[in-house]
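Student: Please take these sequences and the hints and turn them into a complete structure.
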Amino acid sequence: MVEQSIYPKDQKMVITTNQVNFFYGATQALFGISLLIPAKQVTALIGPSGCGKSTFLRCLNRMNDTIPHSRVEGEILINQQDIYAPGTDVVELRKKVGMVFQKSNPFPKSIFDNVAYGPRIHGEKNPRRLAEIVEQSLQQAAIWDEVKDRLQANAMGLSGGQQQRLCIARALAVGPKILLMDEPASALDPKATTRIEDLIGELRTNYTIVIVTHNMQQAARVSDYTAFFYEGNLIECDQTPKIFTNPREKQTEDYITGRFG
Amino acid sequence: MSRSRKLFITDKLMRLLLMGAASTSVLVVCLIFLFLFKEAGPFVLNPGIGKLLDSQWIPVSFQEEHFGLGPLLSGSALVTALAMLVTVPISVLVAIYIAEIARPDEREFLKPFIEILASIPSVVLGFFGLLVVAPLIKTAFGLSTGLTALTGALLLSLMAIPTIISLSEDALVSVPYSLKNASLALGASHLQTIFLVTLPAALPGIVAAVMLGIGRVIGETMAVLMVTGNSAILTFSPLASVRTMTATIAAEMGEVPFGSVHYQALFWIGLILLVITFALNIVAQRVLKKYGMMK
Numbered sequence: 000m001v002e003q004s005i006y007p008k009d010q011k012m013v014i015t016t017n018q019v020n021f022f023y024g025a026t027q028a029l030f031g032i033s034l035l036i037p038a039k040q041v042t043a044l045i046g047p048s049g050c051g052k053s054t055f056l057r058c059l060n061r062m063n064d065t066i067p068h069s070r071v072e073g074e075i076l077i078n079q080q081d082i083y084a085p086g087t088d089v090v091e092l093r094k095k096v097g098m099v100f101q102k103s104n105p106f107p108k109s110i111f112d113n114v115a116y117g118p119r120i121h122g123e124k125n126p127r128r129l130a131e132i133v134e135q136s137l138q139q140a141a142i143w144d145e146v147k148d149r150l151q152a153n154a155m156g157l158s159g160g161q162q163q164r165l166c167i168a169r170a171l172a173v174g175p176k177i178l179l180m181d182e183p184a185s186a187l188d189p190k191a192t193t194r195i196e197d198l199i200g201e202l203r204t205n206y207t208i209v210i211v212t213h214n215m216q217q218a219a220r221v222s223d224y225t226a227f228f229y230e231g232n233l234i235e236c237d238q239t240p241k242i243f244t245n246p247r248e249k250q251t252e253d254y255i256t257g258r259f260g
Numbered sequence: 000m001s002r003s004r005k006l007f008i009t010d011k012l013m014r015l016l017l018m019g020a021a022s023t024s025v026l027v028v029c030l031i032f033l034f035l036f037k038e039a040g041p042f043v044l045n046p047g048i049g050k051l052l053d054s055q056w057i058p059v060s061f062q063e064e065h066f067g068l069g070p071l072l073s074g075s076a077l078v079t080a081l082a083m084l085v086t087v088p089i090s091v092l093v094a095i096y097i098a099e100i101a102r103p104d105e106r107e108f109l110k111p112f113i114e115i116l117a118s119i120p121s122v123v124l125g126f127f128g129l130l131v132v133a134p135l136i137k138t139a140f141g142l143s144t145g146l147t148a149l150t151g152a153l154l155l156s157l158m159a160i161p162t163i164i165s166l167s168e169d170a171l172v173s174v175p176y177s178l179k180n181a182s183l184a185l186g187a188s189h190l191q192t193i194f195l196v197t198l199p200a201a202l203p204g205i206v207a208a209v210m211l212g213i214g215r216v217i218g219e220t221m222a223v224l225m226v227t228g229n230s231a232i233l234t235f236s237p238l239a240s241v242r243t244m245t246a247t248i249a250a251e252m253g254e255v256p257f258g259s260v261h262y263q264a265l266f267w268i269g270l271i272l273l274v275i276t277f278a279l280n281i282v283a284q285r286v287l288k289k290y291g292m293m294k
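For the record, the sequence lines run as chains A and B. Numbering that gives the first Met the number 0 puts the first sequence at residues 0 to 260. Numbering that gives the first Met the number 0 puts the second sequence at residues 0 to 294.
These are calculated hints, taken from the structure and not from any lab test. It is possible that some hints are incorrect.
Unchecked claim - Computed list of lysine to any residue pairs in SDA-like fashion (alpha-carbon distance at most 20 angstroms, straight line): (1) A:K108 - B:S177; (2) B:K179 - A:I66; (3) A:K94 - B:L178; (4) B:K179 - A:N153; (5) A:K95 - B:S188; (6) A:K124 - B:S188; (7) B:K288 - A:P107; (8) A:K95 - B:Q191; (9) A:K95 - B:H189; (10) A:K8 - A:A38; (11) B:K289 - A:H68; (12) A:K108 - B:S173; (13) A:K108 - B:L190; (14) B:K179 - A:A38; (15) A:K108 - B:V286; (16) A:K102 - B:A200; (17) A:K94 - B:H189; (18) B:K179 - B:Y96; (19) B:K179 - A:D64; (20) A:K94 - B:Y96; (21) B:K179 - A:M155; (22) A:K94 - B:Q191; (23) B:K289 - A:N153; (24) B:K288 - A:G156; (25) A:K108 - B:N180; (26) A:K94 - B:N180; (27) B:K179 - A:H68; (28) B:K179 - A:L56; (29) B:K288 - A:R119; (30) A:K108 - B:L202.
What the hints assert, rightly or not - Here are the in silico distance ranges between beta carbons for each label pair: (31) B:K289 - A:N232: 45 to 51 angstroms; (32) A:D188 - B:S177: 18 to 24 angstroms; (33) B:L84 - A:N232: 56 to 62 angstroms.
All C-beta atoms in this analysis are idealised placements derived from N, C-alpha and C, irrespective of residue type, glycine included.
Tutor: In structure tokens form, the structure reads like this:
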């Protein structure tokens, strides 16, 4: 069920998934997910807890690889390349597909070292170049002005919202094309949430963003396309205004009107 | 007396009883300190505390007796330092393997062996040292005797390794998954994640583990008594025979005249040992607490 019609004709697609099944041991968590992720747009994945939206997101940068006894079937193409094909370089994949987690997870190191971590492990040694990358990333993540005078301070001393923006900066520092966000604002207060949402609005000019959220208003505010998951199935995907005003499926309507979930 | 009143009183009594039981350990520690002080105390006046700073330990002599703790302290320090040099890298690497790399079945296989190693009586390790390690060292370095500081250190590291492994492993396991995931998601390999994120985050716990290991090693008696050669000389050569503080007490306590100056000097050694291990334990606990790694 790959729907091309909901996207503008000239819209480029970055990720194509074809009949993706996912298993935790014997338990199937995803059932035949076929979804297109458009370039430089924000796609929101919504659905009740346990519907598989996070599992699906984590398939896109193979973070599920770390879970013992898990298994993926089907095809996930990023820029026409099957990321589960044998011989795929997971390091290269994760450089291209950055991830921001639900709970901010800065390393217990300095702000500078947090952002420089990615470039360093990928071989960047030149201190001037590193400093450039760090500044650029922090600016893109709209946190530069708050931390520029204390780059050597420990990142654990930042507020929750700042930590999350630092984590976004850290992800950007590796130079990804795609950014996966797993409920990035669910642990933040409303003001910090607004800042993250504004940031997503700014980042969409340069990055393809896939965001998992259980907050429907948030999906409505930040995304261009919304995909609704329910019990491991993709129920429907459409332009965000359409999903929230005139969904095709009864289940979607029930969910967004708050009848369940 | 009303029923509720009775209940109230039994409650109070039980509380007192249990608190008494729990306080015994505090009481015992205090009593031991007190007792050591009492026995060691007179030495301060006669022959004077300065005698402990002598450079030699010759407690029984027809000429002048010497009670310098220097050679014994240096013996303990040398053996402990050597033991740690061997123990720390091995233990940390093993802990990393068990905590981060081993498959569950490998872990289940390895952990009991490490625990068994911890429970071998030190006298038995001493036999092993005398019959296996000492001859090996003797031939390897072409010495006249295999009973050296290094021999003792190797045996002690066998005792410290299990402690440090299991405490370091706890520290590594308690590093939140979210940090490891953050590193992996940035494209770091498993090994990069271990050495650049997990290990630094677990470092306070590992440092505390090492300190507790040092405490164990410094206080160990039997094995070192058997294999370090028992010569109280001030040296920093790993291949020299030395004598540690613990071995001195164990070897001389049986023959010393009760209440003599020599007897008091031995109690000074005990006092210093106790202070050292006490301090190590307190610092280790502090470190663990500060970084929230206390179980």
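Student: Is it true that the CA of K289 (chain B) sits at most 20 angstroms from the CA of N153 (chain A)?
Tutor: holds, 16 angstroms
Student: Note whether the CB distance of D188 (chain A) and S177 (chain B) lies within 18 to 24 angstroms or breaks it.
Tutor: holds, 20 angstroms
Student: Next pair to validate is K94 (chain A) with Y96 (chain B); report whether the Cα-Cα distance is within 20 angstroms.
Tutor: violated, 27 angstroms
Student: With a cut-off of 20 angstroms on the C-alpha distance, tell me whether K288 (chain B) and P107 (chain A) pass.
Tutor: holds, 16 angstroms
Student: For the pair supplied as a hint, K108 (chain A) and V286 (chain B), confirm whether the alpha-carbon distance does not exceed 20 angstroms.
Tutor: holds, 18 angstroms
Student: With a cut-off of 20 angstroms on the C-alpha distance, tell me whether K124 (chain A) and S188 (chain B) pass.
Tutor: holds, 18 angstroms
Student: Next pair to validate is K288 (chain B) with R119 (chain A); report whether the Cα-Cα distance is within 20 angstroms.
Tutor: Roughly 32 angstroms between the alpha carbons, so the hint for K288 (chain B) and R119 (chain A) is violated.
Student: Hey, K179 (chain B) versus M155 (chain A), does the alpha-carbon distance stay inside 20 angstroms?
Tutor: holds, 16 angstroms
Student: Check whether the Cα positions of K95 (chain A) and H189 (chain B) lie no farther apart than 20 angstroms.
Tutor: Holds: K95 (chain A) and H189 (chain B) sit about 18 angstroms apart, inside 20 angstroms.
Student: Is the straight-line distance between the alpha-carbon of K108 (chain A) and that of L190 (chain B) 20 angstroms or less?
Tutor: The given pair, whose Cα atoms are some 18 angstroms apart, holds under the 20 angstroms limit.
Student: Can you confirm whether the C-alpha distance between K179 (chain B) and Y96 (chain B) stays at or below 20 angstroms?
Tutor: holds, 15 angstroms
Student: Taken at face value, is the distance from the CA of S173 (chain B) to the CA of K108 (chain A) at most 20 angstroms?
Tutor: holds, 17 angstroms
In this structure, the hints that do not hold are numbers 11, 14, 20 and 29, in rising order.
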